[in-house]
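Engineer: What follows is each chain in one-letter form.
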Amino acid sequence: MRLEAVRKVYGDVAALDGVSLEVRGGDAVAVMGPSGSGKSTLLNMVAGLDKPTTGTVTVDGEDVGAKGEAALARFRRRRIGMVFQFFNLLDDLPALENVALAGRLVGVPARKARARALELLDELGIADRRAAYPAVLSGGERQRVGVARALMNRPALLLADEPTGALDSGTGEQVRDLLLDLNRKGQTVLLVTHDQALAGRCATRLVDFVDGRIVREVAQAREPVK
Amino acid sequence: MSAVWAASRAGVRRRRLQAVSIGVVVALSTATLVFGLGLLAASNSLFDDAFAKARGAHATVTFDTGKTTAGQVAATAHASGVAAAAGPFQAAFLPRSPGMGPGVVGEDGILIAGRAEPGGAVDRLTITSGRWARAPGEVVLRGGDAAGPRRLGDNLAPPGSPVLKIVGFATSATDGGPRGWVTPAQIAALRPSRLLMAYRFARAGDASQVKASVAAATAGLPMEGYDSYTATRQSFEENFNELLPFVTVFGALAMAVSVFLIGNVVSGAVVSGYRRIGVMKALGFTPAQVTAVYLVMIMTSALAGCAVGLVAGHLLAARMTATLAEGFELPSAGGGGLALDVAAGGCVLVLVVLAALLPAMRAGRLPAVQAISAGTVSRRGRGRRAQRWLARTRLPVPAGLGLSLPVARPARTALTLAGLCLGVLAVTMGLGLHQTVEKILTADTEGHTSVTVGVDPHGAGTANLSEQQVYALLRAQPGTAHAMSFQPMPVRIPGMSSTLSAETYSGDYAAFLGDSIVRGRWFTGKGEVVTTEAFLRLNGMDVGDTLTLRTGDEQVKLRIVGSFAHSDTGRLMLDAASLPGSAGGIERRPFAVIVTPGTDPSAYAASLDRAVPGLHAEAVEPDLGGGAILNGLFLLFSLLICGAAALGVLNSVVLSTRERSRDLGVLKAVGMTPRQVVLMMVTSMAALGVVGGAIGVPLGVLAHHGVVVLTGEVLSSGMATSWIHVYTWPLLVPPACAGLLVAVLGAWLPAGWAAATRTAAVLRSE
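As given, the protein sequences belong to chains A and B, one line each in that order. Taking my numbering, the leading residue of the first sequence gets 1124, the next gets one more, and so forth. Taking my numbering, the leading residue of the second sequence gets 16, the next gets one more, and so forth.
Bound-form chain B, shown alone (with noise of 0.2 Å):
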């Protein structure tokens, strides 16, 4: 054992850079597996364990301040079934106005609560930039600093209301209950007209027991509502499961392509090791010692790599984890677990143990002449046809030897030119889903207006207009180029107990509607609607059905002239007209304006609250915050993945360098200038990085029609044609080009190295 010892820690020694190499091949690895599974198992359970850890609120009850005192509530805390409490805090609504912006206040106002500190027993904050109010005149306000228009030291204006400056952002695993807090002195200045009460349950497993655990805490006493977890988990889940699909194929492309980059530089290790287990033998070790020698020199690397990635792919996950739910405002509960991890890296080791194995067992096997010759590349016939071809082309000399380098290992070549492929498929499908998710982002009417219209609730001027008065207002106004009003309303299908939203638009809304139809068209007329796809699998309807609506005591029959892409299953979209008792005036009918290309949605939105003073126009401002994430996470695999193939190459061309020092050093002697070997080195792996960019961009396109149809099968949802076919030919070039590009950066090291090869040296050695 100790020969083994020895003749392993002399190999390590020996091949410094082999060492490294597979270390790091193990490392980045070993830290996307872990990455990608990491994030896969957070992903599966990101609302629950961000629940947990927050100790998120079962349900928070509002109270009225003038049904109920502070004592009374409290002493639900106590009741049966309540597991822990919190409050009651005192909250006041504040109202609207212009000034404190979109993405703060809801329709009418912001419910701000006074609380002391953001931990306590139920509903624990996460503070994410700033710190907590600590004195009068300080709003925490819910979310990140990225997540709307204001940032830290802004203030709130709210009218009649002292004004609060924003120190701080705090994340909650509830979504229900305030929107900000301010310290428990302040609200009281606030004129606190409500009371909120959080709570967690012995059962609250679904909606029916957070009512009855609700019903038998609050005992009777008054309450104006409760908002329950599960509505959140479900809105989450809804918004989360879109991304799966997503993480899942990229997480399995990475580990696709660490499966070939291990294989391709463990064996590639072993095999270039061939002279050397020659001798070896020759001085008498043992097939089995050969083999044990072998397995502990790469070992010895592959465990080091092993950790290092092991703590960089727990610590990138726990990264991306947190991002993922501060994107969807939940606290942060980090990245896989312990056990994971271990599990990941031991894969990664039996996968390294495996590639250096088989053919180190082989050499093991082989006489010893034979494993010595073994070590050399002239082995006769490999691609000698076409080595032959391209000497005799009109190739500039380092071109056709470059050219004709790879067809001497096949088995190398397949492997890196797999990983090659893989890498310019992660890119193309990721450049696609890139353009597939802002355009989901941006499908709904929202996504193409520019400014919305409503009534000023505190305006000083009447907003009494009809329809068509808001319309003529609208036309009037410089920059309008389309307009539109819209309003839900409930409908029910006769026979069945569930209530639709039906979307009915009036106006110029064909600009609005954008491309998401999965099959049929867009409405364009009375008499026809429009279904969500979901809507119509989920009751075996088609494009072309007739469907019956309900609204109040009238009854319309409708065609189906198309379906849209979306999971939920209880939207409609039509014609205003098409629904009887869908007019009215702007009070029951917010518009929507498209300004004409160069206006400016701001500059438009304060013109016209100038203009019409009954009247409070918004510009919409487009929230990618959820496509920031994604986009984010196709960057960072295509990057892990381009990485790992850019390292497959490097390890080629050192095996390749090393394996043809004589033919470099003969190539030199005879007049080829460094600058040459360079070239020639970088051509052999252009070549394949050329030919990766080929196969690669068709599989990239292919694999990214197949993951967003099947996410659409996945969410029931469908997908939209447009967002489906999202290549043109410029975005194919960009990955077309990145095999090339992975390679030739991969092969510029090593081929520099090649180079600086001392000839006398070398052909010393003979």
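With the rest of the complex left out, here is chain A (with noise of 0.2 Å):
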């Protein structure tokens, strides 16, 4: 992933102000920084939800700027999978059907879809509450539903928003040790985080953002595991 030069300006605010970064293959990287530096507004570049004013936002060699509504669609089914704060999980549908919604989308037939979603749901530890509706999931829970839904297509790049934002502590310390487990396994996960053991833990690379500009980019050994 690489974006160059990008710029985003809300009336008369840059949320982003030339930034250039690049995520290889395998990275984990963490983009740190205070509220309104820019953090979310750059995961939405990188997904395609937002479109940068100038410069451009590249994903597995596909520019992203330049694609129309459909084809930003079609392109995070395929390219993205995405991890948020509050979960974002539909209410109405149970975990197993949540997570199954990402691959029936692209076009994966139902059986085939909820088969995989049962084996991500396995794989995260919580196959047995997969009839469950995200009502009556614990945070933690809900959020490995949320990872599950962003792994069903096999992203090329995870984002994960603040995702352990809304995670007491305990529950937080799973999410930290799924998304390492994840980029262990070559997974390439891009956080924007205030949780600095969320960083440590997960990141090979800290990026930290000021106003819209990458202030500082290090990279760094993970800490080990407690």
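Source of the hints: derived by calculation from the structure; they are not laboratory data. Check the hints yourself; a few may be wrong.
[What the hints assert, rightly or not] Derived, one-sided and incomplete: chain A residues facing chain B with beta-carbon distance under 8 Å:
| no. | residue |
| --- | --- |
| 1 | G1148 |
| 2 | N1167 |
| 3 | R1227 |
| 4 | R1328 |
Beta carbons are placed, not taken as given, at the ideal position from N, Cα and C, and that holds for glycine.
Since each chain sits alone in its own frame, please combine them into the complex, following the hints.
Structural biologist: Laid out in structure tokens, this is it:
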């Protein structure tokens, strides 16, 4: 994934101001910074949820900014997996169907999609909660379902926006381990977080944002698992 | 109070779409209600209003110029009991010529009067097109320019008289009297032989009063006769009463849709604002203030919509009433009154208040936290099983998710579905009534006749032909499929004073009789009679009974073999051989012909005219004017009702989109394309459209049957089976699809808005 001189302006305010960043396959990059520094805007640009005012965003060789809405939707299905702070599960579907839905959108037959979803839930340790609706799942369980949904179509890039932001410390710990494990298995991860522990545990590179600009970018050795 | 006002104003500004939506719905509902009520009110008094407005003549008396002078006739205007008078107008009878065409002439010709201007104290004429006659050579005809084959600019060329150019058409509330008007100078050149005097009397409540008033006014002056307005009113009422059940039912349907629509939109607006209500309560608004905020918000839009609807509905009713009046050749008396408009508007506003008050009060009583959470769609257990099942089917994801949306909001779904059902019902019933009306209008023998044949009184040849000779001539004529002759004859039932009209038929009449049988069958030969259903009911008789008729000195016994749908209690139909003295040549018995398929009736008539000089043949032009008005009404009501149903759908999708903005954002984030979002939202309503079609069509068929049968009962005319069972499978396809079409059209626009939701903004707002 590559951002080149990306600038995003809302009215008179530049949310991103000439940002260039490259994330290679297998990287785990944590973007950090104070509120309003442009972290989420960066994530939206990469996911194709928003378009840069100037500059280019390339993911897996595709120019995201040049795509139309329908093409962007297809791009997100295939290339991007998103994990949200508040999980954003569909309340009316049970866990298994929430996960399988992402596969069904790609055109995977219902039976196969459910099999794959169950496999993912099993890997994440919540297969026994597959029939539960989001409302009755704990925060950690919901986030695991969210992660499973993000991984459903084997995305090139997993984007996580404050994935531990709405979780208690114990559950946050579980999610940190989960993301670390995924990255170790080869999943490219781009994290936006305030959580120092998450960044220290999972990221191989730290990027600090202030006022829409990258002020620091350093490689780091992951903290050992306690 | 200022806090309530400020919050209300902010609410209206913040939710412009919702405010506009409520305004449009209330406008449409008000317009429909005002239109329906106005039409009903105007319908009930259409004749009386038009008659009063035009100061119609209670009686038009005809005097012979050979026996009375203009001065003598003019003096009657001052007679006792005469409230107002107009005339005397000189009148001339213009004999018919082949060039004058049908629809303008009577059996023998046309009565034209000399009149300086259309206004006056009595019988004010309304010019419907063109202008009043200003110079010799110009004529204004009674009726509208669409009522007959004649158009503005055409010429009338009566034999032996100057050519008259049609410069205008005018309607009169008085049916009797002349069929056309020329200038007083022109009438002198047309050899006037009559004087016409139009009167309004102080006492003219019924036929006997009119008769007494005429006698008092003319005071012994010899008169040829007079036309009473009571006969016109009775004839009008007989025709017009057929309309009332249809208008009433459609009006009631439109009102029902309006009620559902207002309930749906207004309560939906309050329910979708629960979260805001919760926030207001958290800020310190009391339950009463919360309720007041929502009432003010909704009433602001509703008042504006109501005002627009009142004006639109009033204008629409006035226009339709004018069209109806025109159809009956009456001057327009305008739509419903102001009081009726105000009452209709008040009803709508009360409905809006009730629809808003109930959920707003409920919201006002809810604890703040509960109100906030009640605004979200995640209510546990609502249709979950259905949603889960749909998610597991092999349906495409947008379709599966779309189908599951309606179960999340059962009350809203029920209201939307009810609106769609009523829309489909209206379309189904409208189509059926259209078929029924067409069948009724063509039910008489005239409806099946292509060409009428009679003696030409001004023809050069002789027409002293026997019935058999005429049949031979007609059968020899290329293009003749069926031929019959008919003659109404006065008959009596022994012991009863009233005279009946027995229509006697000879020849190949079976093809002319049509499908208006209510009970039994048509007569097929001597000794059988078919009466109107109204006759049977009035006299407590039944099919199979024997009916004794007296004609002249002879008495015949006939078996009643059937009844046909008609409200006239004095009509009988039978074979000419059944009644003594009904046989005769063409001078007594006009003929009717049905031409073979592909034969042009006009060309046939012209050919027959040339072949037999003494005969005059005329192609019959179907008079579907009344049907056009009715069909226009059905169409207008159907469109209004379907429009309202579509608005209900639109509102449902708007609310659903607002409530599910987060879900839509999530779906788009995981890869749902805008087109799939549109598909999902449209599917959610299309499903209701299909269900609405499935429910609405049978209901519409039942409603049609009920209305038609009821109309027959109200008029005591009965209804022929073929007029009730008009639906065929192909005819049911359009209404069955109407629900789907209305649902898709109503959902399309807001579905597009849903697809354009900015995902990043929605997800960030979490």
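Engineer: R1227 (chain A) was flagged as interface toward chain B. Is the shortest Cβ-Cβ separation under 8 Å?
Structural biologist: holds (5 Å)
Engineer: Under 8 Å is the threshold here; is the Cβ of G1148 (chain A) close enough to any Cβ of chain B for the hint to stand?
Structural biologist: The hint is violated - G1148 (chain A) has no Cβ within 8 Å of chain B, the shortest such distance being about 21 Å.
Engineer: R1328 (chain A) was flagged as interface toward chain B. Is the shortest Cβ-Cβ separation under 8 Å?
Structural biologist: violated (24 Å)
Engineer: Close enough to count: is the Cβ of N1167 (chain A) nearer than 8 Å to one in chain B?
Structural biologist: Holds, because the Cβ-Cβ distance from N1167 (chain A) to chain B comes to roughly 4 Å (cut-off 8 Å).
Hint compliance for this structure: hints 1, 4 are broken, all remaining hints hold.
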